[in-house]
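Novice: Single-letter residue listing:
There are 2 protein chains.
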Amino acid sequence: MSGKLVVVGLGPGSPEQVTPEASAAVAAARVFFGYGPYLDRLELRDDQRRVASDNREELSRAKAALKAAAAGEHVCVISGGDPGVFAMAAAVCEAIEDGPGPWREIDLVIVPGVTAMLSVAARSGAPLGHDFCAISLSDNLKPWTVIEQRLRAVATAGLVIALYNPISKARPWQLGTAFAILREVLPWTTPVIFGRAAGRPDERMSVVTLADADAKQADMATCVIIGSAETRVIERPDRAPLVYSPRSIGERR
Amino acid sequence: MSGKLVVVGLGPGSPEQVTPEASAAVAAARVFFGYGPYLDRLELRDDQRRVASDNREELSRAKAALKAAAAGEHVCVISGGDPGVFAMAAAVCEAIEDGPGPWREIDLVIVPGVTAMLSVAARSGAPLGHDFCAISLSDNLKPWTVIEQRLRAVATAGLVIALYNPISKARPWQLGTAFAILREVLPWTTPVIFGRAAGRPDERMSVVTLADADAKQADMATCVIIGSAETRVIERPDRAPLVYSPRSIGERR
Numbered sequence: 001m002s003g004k005l006v007v008v009g010l011g012p013g014s015p016e017q018v019t020p021e022a023s024a025a026v027a028a029a030r031v032f033f034g035y036g037p038y039l040d041r042l043e044l045r046d047d048q049r050r051v052a053s054d055n056r057e058e059l060s061r062a063k064a065a066l067k068a069a070a071a072g073e074h075v076c077v078i079s080g081g082d083p084g085v086f087a088m089a090a091a092v093c094e095a096i097e098d099g100p101g102p103w104r105e106i107d108l109v110i111v112p113g114v115t116a117m118l119s120v121a122a123r124s125g126a127p128l129g130h131d132f133c134a135i136s137l138s139d140n141l142k143p144w145t146v147i148e149q150r151l152r153a154v155a156t157a158g159l160v161i162a163l164y165n166p167i168s169k170a171r172p173w174q175l176g177t178a179f180a181i182l183r184e185v186l187p188w189t190t191p192v193i194f195g196r197a198a199g200r201p202d203e204r205m206s207v208v209t210l211a212d213a214d215a216k217q218a219d220m221a222t223c224v225i226i227g228s229a230e231t232r233v234i235e236r237p238d239r240a241p242l243v244y245s246p247r248s249i250g251e252r253r
Numbered sequence: 001m002s003g004k005l006v007v008v009g010l011g012p013g014s015p016e017q018v019t020p021e022a023s024a025a026v027a028a029a030r031v032f033f034g035y036g037p038y039l040d041r042l043e044l045r046d047d048q049r050r051v052a053s054d055n056r057e058e059l060s061r062a063k064a065a066l067k068a069a070a071a072g073e074h075v076c077v078i079s080g081g082d083p084g085v086f087a088m089a090a091a092v093c094e095a096i097e098d099g100p101g102p103w104r105e106i107d108l109v110i111v112p113g114v115t116a117m118l119s120v121a122a123r124s125g126a127p128l129g130h131d132f133c134a135i136s137l138s139d140n141l142k143p144w145t146v147i148e149q150r151l152r153a154v155a156t157a158g159l160v161i162a163l164y165n166p167i168s169k170a171r172p173w174q175l176g177t178a179f180a181i182l183r184e185v186l187p188w189t190t191p192v193i194f195g196r197a198a199g200r201p202d203e204r205m206s207v208v209t210l211a212d213a214d215a216k217q218a219d220m221a222t223c224v225i226i227g228s229a230e231t232r233v234i235e236r237p238d239r240a241p242l243v244y245s246p247r248s249i250g251e252r253r
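From first to last, the protein sequence lines stand for chains A and B.
Residues 1 to 253, numbered by the UniProt record's numbering, are exactly what the first sequence covers, in order.
Residues 1 to 253, numbered by the UniProt record's numbering, are exactly what the second sequence covers, in order.
Warning: the hint list may mix true and false statements.
Said to hold, decoys possible - Pairwise CB distance ranges, derived in the manner of DEER restraints: (1) A:Val51 - B:Pro237: 25 to 31 Å; (2) B:Gly250 - A:Pro201: 36 to 42 Å; (3) B:Pro237 - A:Ala211: 45 to 51 Å; (4) B:Asp212 - A:Gly72: 35 to 41 Å; (5) A:Arg239 - B:Val146: 30 to 36 Å.
Said to hold, decoys possible - Residues from chain A shown here face chain B by an in silico Cβ test under 10 Å; the list is partial: (6) Ala24; (7) Ala28; (8) Leu39; (9) Val51; (10) Leu59; (11) Glu73; (12) Asp82; (13) Glu94; (14) Gly125; (15) Phe132; (16) Cys133; (17) Ser136; (18) Leu141; (19) Val146; (20) Leu210; (21) Arg247.
What the hints assert, rightly or not - Simulated coverage check for chain B against chain A, where a stretch passes if three residues somewhere in it have a Cβ under 8 Å from a Cβ of chain A: (22) 109–123; (23) 148–162.
Derived from the structure by calculation, the hints contain no laboratory data.
Note that the coordinates shown come from a computational prediction; the quantities given were computed from them, not determined experimentally.
Ideal placement from N, C-alpha and C gives every residue a C-beta, glycine not left out.
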């Protein structure tokens, strides 16, 4: 007997940014696995059960969810943002690949959501308006040398960079080093956006130059967007500046 | 007198993937500017007016919308997917930067949405599960040499690549050339996903190897995702394969 596993993205934090598809998936499921603060965003019924786990236990959480689904439960794994961007969908796939055969027979559905860089971009203009990339700064999951190579490669190639997992208590120096590397490649006037809790009441957004970018402005929940040499800032009277990356290269300037 | 301009992302196509925030923004606005097929997705009231324009008229559409907002209208500019990803938000910012001063005083709100690569990824597993980039293949907006350099740089650096605007009648050869370039850098077994209308009734998804990737499988509405050397395919009995990029590098293989 095989149940169902739905991996749901709740978006950046505001209930207004949860899709109807995600809400319906939550309403239909019975057992919920996730990081505690994400589960706290759900209003569950009495017939729905939650199994909270710590932030760094993605793989064991995925396995527990698959085990419950394989036993016939209708299971929901909760992600913030989009589950496919540095989140639970890849952990579930890894667990399936390495797990028992019947896990491949589970009805697996992944429900996309608005990922952090999109909401931070929307609040600041259109910094992702042309080619861009998303890079996790966590060297728990890949060697730091790989991260350095990627930062240099994408900045040199002219892509805007969205950094996920920029900093944590266990990883205090990486973001500062990333800024130092990028200052070797990009103009020091390049705009840098620190976006936290975009669209929520506790939202905190700031725009600085790469010269002034300070890792202390970020925490675990911040998405940092670093422009390309093309990215521009429009000052506005009595409003926050707009940051945007033009759709075209080479014709305007 | 200055009105309001809301740039709204309707997501990939399914009404179930339109956020409540986007629906509320549409309900509140009075004049709608957009590409005809996107406007067709709205159910407008009698007191709401639509101004449709062609797909390649982003800048003139943005100017017309700003002009109406500056005249005091409550204006909505409609994008498919997310307005900040190769869509209308950057065009509006460009128009503001080059336009008359009062346009900077307009109350501008950008409402994010689920962009195509996220919905295509969700339907196929977790191909964007680690570092990735989004590149527009349109050489209307940048020189082809820049596109070639970027493709080589990001593939060499190990990022998964989501290609937007892969092909059109006026740009028939670019996608095939992109595959040829990527075959010089990536293993020919690298998974390639062609995703069209993900989440809609006319959805069409396919997974092939880079060796077999054929530009004829794509059209204007397709998002093409090309894995990295790390991206894996899980075969499943009686189900589509899962494609995913592991969260970590260097520890599993």
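Novice: Indicate, hint by hint, whether the structure satisfies it.
Specialist: Okay, the hints, checked on the actual structure:
no.: 1; hint: A:Val51 - B:Pro237: 25 to 31 Å; verdict: 28 Å, holds
no.: 2; hint: B:Gly250 - A:Pro201: 36 to 42 Å; verdict: 40 Å, holds
no.: 3; hint: B:Pro237 - A:Ala211: 45 to 51 Å; verdict: 56 Å, violated
no.: 4; hint: B:Asp212 - A:Gly72: 35 to 41 Å; verdict: 38 Å, holds
no.: 5; hint: A:Arg239 - B:Val146: 30 to 36 Å; verdict: 33 Å, holds
no.: 6; hint: Ala24; verdict: 7 Å, holds
no.: 7; hint: Ala28; verdict: 13 Å, violated
no.: 8; hint: Leu39; verdict: 20 Å, violated
no.: 9; hint: Val51; verdict: 21 Å, violated
no.: 10; hint: Leu59; verdict: 8 Å, holds
no.: 11; hint: Glu73; verdict: 19 Å, violated
no.: 12; hint: Asp82; verdict: 5 Å, holds
no.: 13; hint: Glu94; verdict: 6 Å, holds
no.: 14; hint: Gly125; verdict: 5 Å, holds
no.: 15; hint: Phe132; verdict: 6 Å, holds
no.: 16; hint: Cys133; verdict: 4 Å, holds
no.: 17; hint: Ser136; verdict: 6 Å, holds
no.: 18; hint: Leu141; verdict: 4 Å, holds
no.: 19; hint: Val146; verdict: 6 Å, holds
no.: 20; hint: Leu210; verdict: 20 Å, violated
no.: 21; hint: Arg247; verdict: 5 Å, holds
no.: 22; hint: 109–123; verdict: holds (count 11)
no.: 23; hint: 148–162; verdict: holds (count 8)
Of the numbered hints stated above, those contradicted by the structure are hints 3, 7, 8, 9, 11 and 20, listed in ascending order.
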